[in-house]
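Construct all of the structure, not just a fragment, from the sequences and the given hints.
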Amino acid sequence: MKQTCLHITVVLGFLSPVLLYAQKTDTLPAVQVRSQQAIENAVSPRPVQQLNKKSLETLNSISVADATKYFSGILLKDYGGLGGLKTISVRSLGTGHTSVIYDGVLLSDVQAGQIDLGKISTANIENITLYNGQPAALLLPAKAFASGAVLDLQTSGNYESSVKEKWSGNAMVKAGSFNFFNPYITVRHKKNNLIQFVNAEWQSAKGNYPYKAYELDGSVRKRTNSDLQSLRLEYDAAWCWGDDNRLKFKAYYYNSNRGLPGAAALYTVGGRERLSDKNSFVQSVFKKNLSSKSQLMLLTKYAYQYNFYKDPDTRYGPQGLENRFTQQEYYFSAVYSYRISHSIAAAYASDFILNTLKGEGQFGTPFAQPRRQSNFNNILLDGKWSKLHLQANLLHTFQKESVKNGPVSKDISRFNPSVSLALQPFQNDDIHLRFFYKNIFKAPTFNDLYYAYVGNTSLKPEQASQYNVGITWKKDSAAKNISLEASADFYISDVKDKIIAVPQQNLFRWTMLNYSRIHARGIDIAMEARLALNEYSNMSGKITYGYQDAKESDKKSDFYGLQIPYTPLHSGSIQLRAGVKKYTFAINTVLSSYRYRLGDQIADNLVKEWATIDVHASYNLSARKKARFFAELNNVLNSQYDIVKLYPMPRFNYRLGVTTNF
Amino acid sequence: MKKNFLVISCFALMVLASCSKDDVPGPTVAPAKGAYVLSEGGFFNFNSKLGFYSFATNNYAGDFFVQQNPTIPAGVGGLATDIVIYGSKLYLVVDQSNKVTVLNAADAKFIKDIAFEVSGTPIEPRYAATANGKVFVTAWDGSVNVIDTTTLVITKKIPVGLNPEGLVVSGNNLYVSNSGGLTATFDSTVSVINLNSLTETSKIHVGKNPTSITADRSGNIYVATQGDYGAIPPRLVKVNTNNNTIIKSADTTVGTIKYYDNALYVTGGYFGVQKVRKLNTTDFAAMAGNFVTDGTVVTNPYSINIDEENGDVYVTDAKNNILVGEFFCFDKTGKKRFSFSTTPGVNPNKIVFIR
Chain A
1 MKQTCLHITV
11 VLGFLSPVLL
21 YAQKTDTLPA
31 VQVRSQQAIE
41 NAVSPRPVQQ
51 LNKKSLETLN
61 SISVADATKY
71 FSGILLKDYG
81 GLGGLKTISV
91 RSLGTGHTSV
101 IYDGVLLSDV
111 QAGQIDLGKI
121 STANIENITL
131 YNGQPAALLL
141 PAKAFASGAV
151 LDLQTSGNYE
161 SSVKEKWSGN
171 AMVKAGSFNF
181 FNPYITVRHK
191 KNNLIQFVNA
201 EWQSAKGNYP
211 YKAYELDGSV
221 RKRTNSDLQS
231 LRLEYDAAWC
241 WGDDNRLKFK
251 AYYYNSNRGL
261 PGAAALYTVG
271 GRERLSDKNS
281 FVQSVFKKNL
291 SSKSQLMLLT
301 KYAYQYNFYK
311 DPDTRYGPQG
321 LENRFTQQEY
331 YFSAVYSYRI
341 SHSIAAAYAS
351 DFILNTLKGE
361 GQFGTPFAQP
371 RRQSNFNNIL
381 LDGKWSKLHL
391 QANLLHTFQK
401 ESVKNGPVSK
411 DISRFNPSVS
421 LALQPFQNDD
431 IHLRFFYKNI
441 FKAPTFNDLY
451 YAYVGNTSLK
461 PEQASQYNVG
471 ITWKKDSAAK
481 NISLEASADF
491 YISDVKDKII
501 AVPQQNLFRW
511 TMLNYSRIHA
521 RGIDIAMEAR
531 LALNEYSNMS
541 GKITYGYQDA
551 KESDKKSDFY
561 GLQIPYTPLH
571 SGSIQLRAGV
581 KKYTFAINTV
591 LSSYRYRLGD
601 QIADNLVKEW
611 ATIDVHASYN
621 LSARKKARFF
631 AELNNVLNSQ
641 YDIVKLYPMP
651 RFNYRLGVTT
661 NF
Chain B
1 MKKNFLVISC
11 FALMVLASCS
21 KDDVPGPTVA
31 PAKGAYVLSE
41 GGFFNFNSKL
51 GFYSFATNNY
61 AGDFFVQQNP
71 TIPAGVGGLA
81 TDIVIYGSKL
91 YLVVDQSNKV
101 TVLNAADAKF
111 IKDIAFEVSG
121 TPIEPRYAAT
131 ANGKVFVTAW
141 DGSVNVIDTT
151 TLVITKKIPV
161 GLNPEGLVVS
171 GNNLYVSNSG
181 GLTATFDSTV
191 SVINLNSLTE
201 TSKIHVGKNP
211 TSITADRSGN
221 IYVATQGDYG
231 AIPPRLVKVN
241 TNNNTIIKSA
251 DTTVGTIKYY
261 DNALYVTGGY
271 FGVQKVRKLN
281 TTDFAAMAGN
291 FVTDGTVVTN
301 PYSINIDEEN
311 GDVYVTDAKN
321 NILVGEFFCF
331 DKTGKKRFSF
341 STTPGVNPNK
351 IVFIR
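Chains A and B are the protein sequences, given in the same order. Number 608 in our numbering belongs to position 608 of the first sequence; there are no gaps in the numbering. Number 286 in our numbering belongs to position 286 of the second sequence; there are no gaps in the numbering.
What the hints contain is simulated information worked out from the structure, not anything from laboratory work. A hint or two may mislead.
A few chain B residues that face chain A, going by a derived Cβ cut-off under 10 Å, partial list only [unchecked claim]:
hint : residue
1    : 49
2    : 63
3    : 67
4    : 71
5    : 322
The list that follows gives simulated cross-link-like pairs (lysine to aspartate or glutamate, EDC-like), each with its CA atoms no further than 16 Å apart [said to hold, decoys possible]:
hint : chain 1 : residue 1 : chain 2 : residue 2
6    : B       : 336       : B       : 307
7    : B       : 319       : A       : 558
8    : A       : 293       : A       : 243
9    : B       : 319       : A       : 600
10   : B       : 89        : B       : 148
11   : B       : 33        : B       : 309
Label-pair distances were calculated between CB atoms; the ranges are [what the hints assert, rightly or not]:
hint : chain 1 : residue 1 : chain 2 : residue 2 : range
12   : B       : 152       : A       : 326       : 23 to 33 Å
13   : A       : 638       : B       : 185       : 30 to 40 Å
14   : A       : 617       : B       : 152       : 52 to 62 Å
15   : A       : 181       : B       : 299       : 37 to 47 Å
16   : A       : 218       : B       : 156       : 52 to 62 Å
All of these numbers come straight from a predicted model, not from anything done at the bench. Glycine included, every Cβ here is placed at the ideal spot set by N, Cα and C.
This is the structure in C-alpha cells:
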C-alpha cells in the first residue's frame with residue numbers, strides 16, 4: 001500500500017479517516033459516481049429542476065441566487081446590488097426550509113438559518129439542481145432528508161473524471177457596470193489516480209447603481225455604501241481506485257466585505273453599515289463499494305464562520321454598534337446502501353453534527369453562547385420496476401442544546417416520513433405521473449432563540465407538510481434532433497407554528513413567536529424544447545410558470561386570509577437560446593405579479609409587478625481552447641423595480657468577459 | 001442587523017408621545033376647528049401619515065398631507081414621532097427622515113423642511129415643545145435643538161444627557177428626559193434648561209430610562225421611567241420644580257402621560273395594562289382603572305390628548321402595530337362620541353387640535 005501526502009494550500013481542519021489506497025490503473029472508471037445522482041425530471045418521483053453550466057453562462061448569472069430566478073415555485077428575496085442579501089423560499093415553506101448541498105455535503109448556518117445564495121458565485125459551478133423534497137439518490141446523508149427542498153450545487157471539483165491531461169486549467173475575467181470586476185482562475189493537475197484542483201476568484205464592485213426613486217419624487221439617485229469585495233479560494237483533491245471507489249477532499253475559504261445601503265427613502269443619508277464575512281470549511285467524501293451489492297459513504301466536515309457587523313452611528317456610543325459572531329460546525333455522516341434484489345435497494349444513513357455560536361453580549365445582556373448537538377438517522381427504501389418507482393424514507397432527528405448564559409431551548413426528538421412514487425401509466429414511456437408526500441420540521445435558529453431581547457427559548461419547531469401530484473411528458477424525435485419536455489405539478493404546502501417576529505402589546509419587545517400558519521396551493525409548469533438543426537447550430541427554449549396562492553391560515557391571526565407577504569400570485573420565466581457556428585445568443589426574461597409587504601393590503605404596502613429582460617451574446621475565439629468572448633446585457637428594458645419594498649434593483653447594466661482553457 | 005433595528009424599534013416605539021403644549025392660563029380656549037392625527041407608520045417602512053379630522057364636516061381624511069401637498073407624493077417620511085402647533089404653523093418631527101417639516105397649521109400646506117444632521121450624519125429628532133417663539137426639539141445625539149419660528153432655522157444646539165426623549169415647559173424652564181435608551185446602561189436624569197439663557201442649568205436624578213413627561217399648573221412635572229427591561233421596573237415620578245426634588249414615586253407602568261384638570265391620563269405602554277387610566281396627581285391612585293366607561297375596547301392605547309375646551313379625551317389605538325390604527329373621542333365621562341380608522345396610517349401616535 002502506498003501513502004501519499006496531500007499538498008494543501010489553504011486552511012486545514014479535520015481530515016477524513018485513513019488515507020490509504022491501492023494504486024491501480026491510470027484510467028478512471030467511465031461512470032462518474034457523484035454524491036447526488038442527477039435524475040431526469042421526466043421520470044423522477046419528485047419534481048427536479050436543473051441548470052447546467054451552459055445555461056448558467058447564457059443566463060448571465062454571477063451568483064447562484066441569480067440562477068434560481070429561473071426555477072419555478074421559488075421566491076427569491078433580493079435586497080439589491082451585488083452585495084445585497086439573497087435568500088430563497090421554495091413553495092412558500094419559508095427561507096430556512098431549503099437545504100443547500102455543496103459537492104455532496106450540506107452548507108449550514110444555524111445562526112440565521114438561511115444561506116445567502118448571493119455569496120456563492122457560479123464561476124465554478126457545473127450544475128445547480130433544485131429538488132422538491134429531497135434528491136433521489138441512494139447514497140445521501142441523513143440531513144439531506146431533513147428539509148422541504150434541497151438545492152444541490154456541484155462544482156467543477158466534483159468532475160474529476162473529465163480531467164484528461166496532466167496540467168490544465170481555465171481562466172476568465174469579467175468586468176462591467178458599477179466598477180464590477182471578476183477574475184477567476186482554476187488549475188488542474190492529474191497524476192496517476194490523484195487529481196487536484198485549485199481555484200481562486202475575486203469579485204468586487206462599487207455598486208453605486210442609479211435608480212429611479214419612483215416611490216418618492218421620481219428623481220434618479222445613486223445607491224451609496226453598496227460596494228462589495230470578495231475573495232474565494234477552493235482546493236479539491238480526488239483519489240480514485242477500483243470500481244467507483246473515491247476519496248475526495250475539499251478546502252474552501254471565502255472572505256468578503258460589503259456595505260449595506262439600507263432602504264432608499266426620503267432624506268435618509270443612506271445606510272453606513274458594513275458587514276464582513278469569513279467563511280471556511282474542509283470536507284471529505286469517501287465512497288467505497290464493499291461488494292457488488294453494497295456501498296459505503298463517509299462524509300466529514302469542519303466549518304468555521306466569522307461575521308462582523310458595524311453601524312458607525314455614534315448615537316450608540318463612540319464606536320457605534322458592533323456585532324461579532326463565530327460559528328463552528330463539526331459534521332460526520334455514514335451512509336450504507338444495500339441492493340436487496342434487482343428492483344429493491346435500501347440505505348441507512350446516520351449523521352452527527354455539533355454546532356456552536358460564540359458572540360459578544362449585546363445591550364447589557366451576556367450572550368448565550370449556544371451549542372447544539374444533532375443526530376439524524378434515516379432509513380430509505382427504493383423500489384424500481386419497469387413502470388413504477390417507489391421511494392419511502394423515515395427520518396429521526398434528535399437535537400439537544402446547551403448554553404453558557406440564560407435559558408436553553410428544549411430537546412427535540414422527532415420522526416418524519418416521506419413517500420413518493422413515479423408511475424408510467426401507458427406502454428410508451430412518454431408520460432409519467434408522480435405523487436409525493438413529505439412531513440418535516442425546522443428547528444428554531446440561534447437568532448430565533450437567543451438574540452438579545454428578541455429571542456425566545458420557548459419556541460417550538462416549525463412543521464411543514466407537502467403534497468405534490470404531477471404529470472410529465474417527454475419526447476425525442478426519431479432522429480434525436482428534437483427533444484420536447486413538459487411537466488405540471490400541483491402542490492399543497494402547509495406550515496404550522498411558523499416563527500415570525502411579532503410586536504407584543506404586553507411586552508415592550510418584539511419577540512419571535514410561533515404565530516402563524518401558512519396554507520399554500522400552487523402549480524409549477526415547465527415546458528422545454530431543444531432542436532439540433534445541423535452540426536453547427538442548435539436552439540432551445542424553456543418556459544416556466546408558477547402560481548402560488550399562499551394564505552395565512554391561523555384563524556386567530558390578524559392576517560387571516562391574506563396572501564403572505566412578498567409572495568406573488570403569478571411568476572414565470574422564458575429562456576431562449578440559439579447557437580450558430582461560433583456565435584451563441586440568448587434572451588431571457590423573468591416576470592412577477594404584484595405583492596404586498598407585511599400589513600394591510602393597501603397602496604402603501606404594494607410592491608409593483610415587474611419584468612426584466614436579459615440578453616447574452618458570445619463568440620467562440622477558439623474551439624480547441626474553448627476560448628470565448630461574451631457580453632451580458634441585463635435589464636435591457638431599463639425597468640425600475642423592487643423585490644423588497646424600498647430596496648431598488650439595478651436598472652440596465654452590462655458585463656463583458658473573456659474565458660479560455662489552457 | 002435587521003434584528004438590531006427591531007430592538008431599537010422597541011426603544012423608539014416605547015416612547016409614546018409626551019410633549020405637551022404650554023397650558024393656557026385659565027380654562028378658556030377657543031373651540032377646535034379640527035384635529036390632526038399623526039401616525040408614525042412602521043419602523044423603517046417610511047410610511048408616516050398626517051390625517052385631519054374636521055369638526056365642521058365630521059369627516060376624517062387619512063392622508064391629508066399628500067392631499068394638501070400633491071407635489072410631495074413621498075409623504076411625511078419615516079417614523080414621525082411628534083407634532084406641535086405653535087402660532088400659525090404646524091411642526092412635524094420626523095425621526096427616520098431626520099427632519100422637522102414645517103406646515104401651515106390651517107391647511108397643512110408645506111412651508112419648509114429643516115434637516116437634522118451634523119456634518120452629514122443624521123441625528124434623529126424625537127420630540128418637541130414650544131415657548132417664547134421657539135420650538136425645542138430633542139435629538140438622539142444628546143441635544144435639544146432650538147428652532148426660531150420666524151426664520152425657521154436651528155439657532156442653537158443645547159447639549160443635554162444621553163438620547164433625550166420627551167420634554168415639557170414649566171415655569172421658566174424646559175425639562176428634558178434623558179433616556180440613554182441606545183446605550184447599554186441607560187441614563188437616569190432630567191435636564192433643566194433655563195428659557196432665558198438657553199443652557200442646561202442642572203440635572204435631576206429621576207430613575208432609569210425616563211421618557212414621557214408632562215407638567216401641571218402648580219410647578220410639578222411628572223416623568224415616566226421605563227427601567228432597564230430587567231431587574232429595574234418602570235416607575236412614575238413627580239418632581240417639584242421649585243426645589244427639583246422628587247415628592248412622589250411609585251411602581252406603576254406608564255407609556256404616555258398627559259396632565260389635565262387635576263388628573264393624569266396615562267397609557268400602559270409596552271409593559272403595562274392596556275387601558276387608559278386616570279390617576280390622582282398626589283398619590284397616583286387610580287381614579288379610574290379604565291377611563292372608558294361604555295365598554296368600548298381600545299386594543300392598544302398608544303397616545304392621549306384632551307380637548308381643553310370641552311374635556312373630551314382623544315385616544316389613539318395602534319392595534320397590533322402592523323395593521324392600520326384607529327382613534328377614538330370620548331367625552332369626559334368616558335363614553336365614546338366617535339371613532340375613525342386612521343387608514344392608511346399605522347401606529348397613530350399623536351393628536352393635536354387646531355383652533
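Hints, verified against the model:
1. Annotation: interface hint on residue 49 of chain B holds; nearest CB of chain A at approximately 8 Å, less than 10 Å.
2. Interface hint at residue 63 of chain B: satisfied, since its Cβ lies 9 Å from the closest Cβ of chain A, which is below the 10 Å cut-off.
3. With 10 Å as the threshold, the beta carbon of residue 67 of chain B stays out of range of chain A, its nearest partner Cβ sitting at about 14 Å, so the hint is violated.
4. Given hint, residue 71 of chain B at the interface with chain A, holds; its Cβ is 9 Å from that chain's nearest Cβ, closer than 10 Å.
5. The interface hint given for residue 322 of chain B is met, as the beta carbon of that residue sits about 5 Å from the closest beta carbon of chain A, less than 10 Å.
6. Between residue 336 of chain B and residue 307 of chain B the alpha-carbon distance is near 14 Å, which keeps this suggested pair within the 16 Å criterion.
7. In summary, the hint linking residue 319 of chain B to residue 558 of chain A is supported, as the alpha carbons are separated by about 10 Å, within the 16 Å threshold.
8. Under the criterion of a C-alpha separation no larger than 16 Å, the hint pairing residue 293 of chain A with residue 243 of chain A is consistent with the structure, at around 13 Å.
9. The hinted pair formed by residue 319 of chain B and residue 600 of chain A meets the criterion: a straight-line CA distance of about 12 Å does not exceed 16 Å.
10. For the given pair, residue 89 of chain B sits about 12 Å from residue 148 of chain B by alpha-carbon distance, which is consistent with the 16 Å threshold.
11. For the hint linking residue 33 of chain B to residue 309 of chain B, the alpha-carbon distance of about 11 Å falls within 16 Å, and the restraint holds.
12. For residue 152 of chain B paired with residue 326 of chain A, a C-beta distance near 51 Å fails the hint of 23 to 33 Å.
13. Under the hint 30 to 40 Å, the C-beta atoms of residue 638 of chain A and residue 185 of chain B, about 51 Å apart, miss the expected range.
14. The given range of 52 to 62 Å is respected by residue 617 of chain A and residue 152 of chain B, whose C-beta atoms sit roughly 56 Å from each other.
15. In this structure the hint that residue 181 of chain A and residue 299 of chain B lie 37 to 47 Å apart at CB is violated, the actual value being about 54 Å.
16. Remark: the range hint 52 to 62 Å for residue 218 of chain A to residue 156 of chain B is contradicted by a beta-carbon distance near 37 Å.
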